[in-house]
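A.B. asks: Could you put together the complete structure from these sequences and hints?
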Amino acid sequence: MTKKIIKSSVQDRRKVLKTLGAGAGVIAGATAFPGLIGYNQVHSAEPIKIGFQVHRTGIGAAYGKWYGRTTAAAAKVINAGGGINGRRVEIIAEDDGTSPKRGAEVVEKFANQLNCDVGFGTLFSHVVIGSAPRAGELKLPYFVVSEGHHVASGILNRYTLQPGITDVKSQVQAMAPFVAKNLGKKVTMIFPDFAFGYDHRDYFSAAIEKIGGDVIAKIAIPPRESSFTKYFPKIPKETEVIYHVMVGPAVLTFVKELGEFFGSKRPEIFGFIDSLEAVDLASPGLEFLEGTYFWEGNPRYAQSNQSEYDKFFRASVGVDNNGASLADSKDVATYAHMFGCWETLYVIKAGMEASGYRGPKDRAKLIEAVEAMSDMAHSRQHPQGAKRFNGKTHQVFGHQYITKVTNQKLVLAHTTSIEDTYYPDEVDYTKQSF
Amino acid sequence: MELGPYLLLASLEGAVQAAVLALTAVGLSLVFGTMRVVNIAHGEFFMLGAVLAWWLTSQVGGDASIGFVLALIIVPIVTGLLAAAIDWTILKRLDYDPEATIVATIGVLYIIQQVTLMTYGPDARPVPPPFNIRITLPWFGYSGYKLFVIGAAIVLLLGVWATVSKTRIGLILRATQLDSDIAQAFGIRVKRVYSIVFGVGAGLAAMAAVLIVPIQQAHYLMGGDPLLLSFIVVILGGLGSLRGTVVAAVLIGMSDGIISVFFSPTLAKILATLLVASVLVFRPQGLFGKRPV
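Which chain is which? The protein sequence lines are A and E, in order. Counting from 15, one number per residue, gives the positions in the first sequence under the working numbering. Counting from -17, one number per residue, gives the positions in the second sequence under the working numbering.
Keep in mind that the hints were calculated from the coordinates and are not lab data. Note that the coordinates shown come from a computational prediction; the quantities given were computed from them, not determined experimentally. Using N, Cα and C, we set each Cβ at its ideal position, and we do this for glycine too. Among the hints, erroneous ones may be present.
As the list claims (entries may be wrong) - In silico lysine-lysine, BS3-like type, Cα no more than 30 angstroms apart, as pairs: (1) E/Lys251 <-> A/Lys115; (2) A/Lys232 <-> A/Lys248; (3) A/Lys423 <-> A/Lys279; (4) E/Lys251 <-> A/Lys251; (5) E/Lys251 <-> A/Lys232.
As the list claims (entries may be wrong) - What follows is a set of in silico ranges between Cβ atoms, one per label pair, in the way DEER data are often shown: (6) A/Gly198 <-> E/Glu(-16): 22 to 28 angstroms; (7) A/Asp216 <-> E/Ile115: 38 to 44 angstroms; (8) A/Lys248 <-> E/Ile88: 37 to 43 angstroms; (9) A/Asn196 <-> E/Leu256: 45 to 51 angstroms.
C.D. replies: Next up, the structure:
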């Protein structure tokens, strides 16, 4: 009996080894030709390993899915163009469950087990704030795509950078003049009850007060809430503008219930598209949004002045002119945010090339090279628009878009300048040692 | 907003919550009352109901009401059959041992949740309501569908009550609940009753989910809250007492609605938990439960 078991397990092991060998052959075969250009160089070295911390599950899942698709598309284009420093880019994705605790573990795994060169791609601010300290301790460059003001506020560290997406403070500051001038000055804010929402609350209130407006009510909603009507009676009667920004799986319910509550007798509404990211604007119950305004990091619908770069980006990721997947028109993208992954990967590439990055011992040089960056031109590498990076605060600044719901589509109404989004530096990370 | 309309809105919100909660918790209470099984996977049957409703309505196409009616009939049956199969393959093998079944249903919870994640995915998906009527009041608008949910839940609960107290099946059920050994001695096939009860309990949760999913959205993690609230309701009402469950659901639902609107949702949760704690201390058998002899 015992003999038999041993024998069969040996056979099994052999079988497993064989299968593994065959699998490795297939993978090698598939990866040997990542594009004809730069084949020799790409083949000659170890890949650059980019640890991709992705919200595959949990409340950030819709974003995670599209961050994943965008990252894969960018890596494909980069590899087709010869990779980074002649080395192939390999994306190693790990799910963090949109949880700060798991996030820190994922960062640790990137640094200690998977031998990643950098960590990349985190969105939700509580996960970034939970993970960044560990990245700093492990000296792993950590490129977040999060929008939170936590990078530029100075609470993180020299290893954490946000070079591919603008932060909430700069966004809301650029929105406030538009809101006050076109919609009204008495604003009620509805926002999620965690760091990202507080950024909105604090910086928008400050920005609109500076130009004579007033936030008359601040309504915080827990991010896991599933029913919202009970919060709406707290909106004061004299409200001229409702400012809403919501995240999580229940965003559609939130906006629908807002519509049920107000109907056609609504005040002006200004929303961050986060409230409807990955949701079809033509969903039943959203008709009341007609004529309201949204902030968009990058316009979901292809605009009349669409750039060649946006066309290329859309086609590469597989998104149609309505911001939905080419494969399934009901699968709507998180278009206002996901460009950040694309642009951040290109910043990593530029940084590694400028610093002659060869391996983990050059990590400090990589960070210095990124810190030295400034203007980034509107290009295929930066399809959302031109940007300026601030090496001291580790934060990029760029154009913001305001669109108006017109015939159930978002049509561009205003584009801010980059200067509209500036604020004084709050930190100088370059003074911190490595 | 003035106090009157404010209170009206709060009561409406509370009533919707109470309706769905009662339907979900009655299933849990039925299972515990008859089988003495604490079903930790109950919330996942709720979630499964919502996900299956999404799947069915997206397959059917045509007018939203057709898919909805089909879902309301088919989804609870499918979920109930699955639950009965789980009873047959797992709980029965454990001889309905109270501790072992708790662990087993925790396992079932994770299996259902993760299989849903692997197949249906992590997205929240909407199910269109069977009709879109907005009731316009002078102070605010309200979803007509939400009022329908309240009505439907009342009808379904009356159905459960009538079945348990007026039919032969109900008699068998009550006999099994009272003393399963003696019921068996009288020729009742207790294990089969258990399977049916487990299936019906899950089916009720699924039915509640079909009703709620046009208001919320189907999501693989949506089973957590209903489970927690159902437990609160069942403990409050007295384990195994249908009347107690319904009364407790109305109490928790309405107070949650009203406290959430006037103060904060967090305070509502704190008070509900406090209430449960004090019931456990001062009246451990629940408001309507019978003191064990």
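A.B. asks: Now, for every hint given, state plainly whether the structure supports it.
C.D. replies: Hint check:
The suggested pairing of E/Lys251 with A/Lys115 holds, with an alpha-carbon distance near 25 angstroms, which does not exceed 30 angstroms. As the CA atoms of A/Lys232 and A/Lys248 are separated by approximately 9 angstroms, the hinted pair is consistent with the 30 angstroms bound. This hinted pair checks out: A/Lys423 and A/Lys279 have alpha carbons roughly 21 angstroms apart, not beyond 30 angstroms. Annotation: proposed proximity of E/Lys251 to A/Lys251 holds, straight-line Cα distance about 28 angstroms (limit 30 angstroms).
At roughly 21 angstroms between alpha-carbon atoms, E/Lys251 and A/Lys232 fall within 30 angstroms of each other, so this suggested pair holds. At roughly 23 angstroms, the beta-carbon separation of A/Gly198 and E/Glu(-16) lies within the given 22 to 28 angstroms, and the hint holds. Checked against the given bound of 38 to 44 angstroms, the beta carbons of A/Asp216 and E/Ile115, roughly 40 angstroms apart, stay inside it. Remark: the range hint 37 to 43 angstroms for A/Lys248 to E/Ile88 is upheld by a beta-carbon distance near 38 angstroms.
Here the CB-CB span from A/Asn196 to E/Leu256 is close to 47 angstroms, well matched to the stated 45 to 51 angstroms.
In summary, the structure agrees with every hint in the numbered list given earlier.
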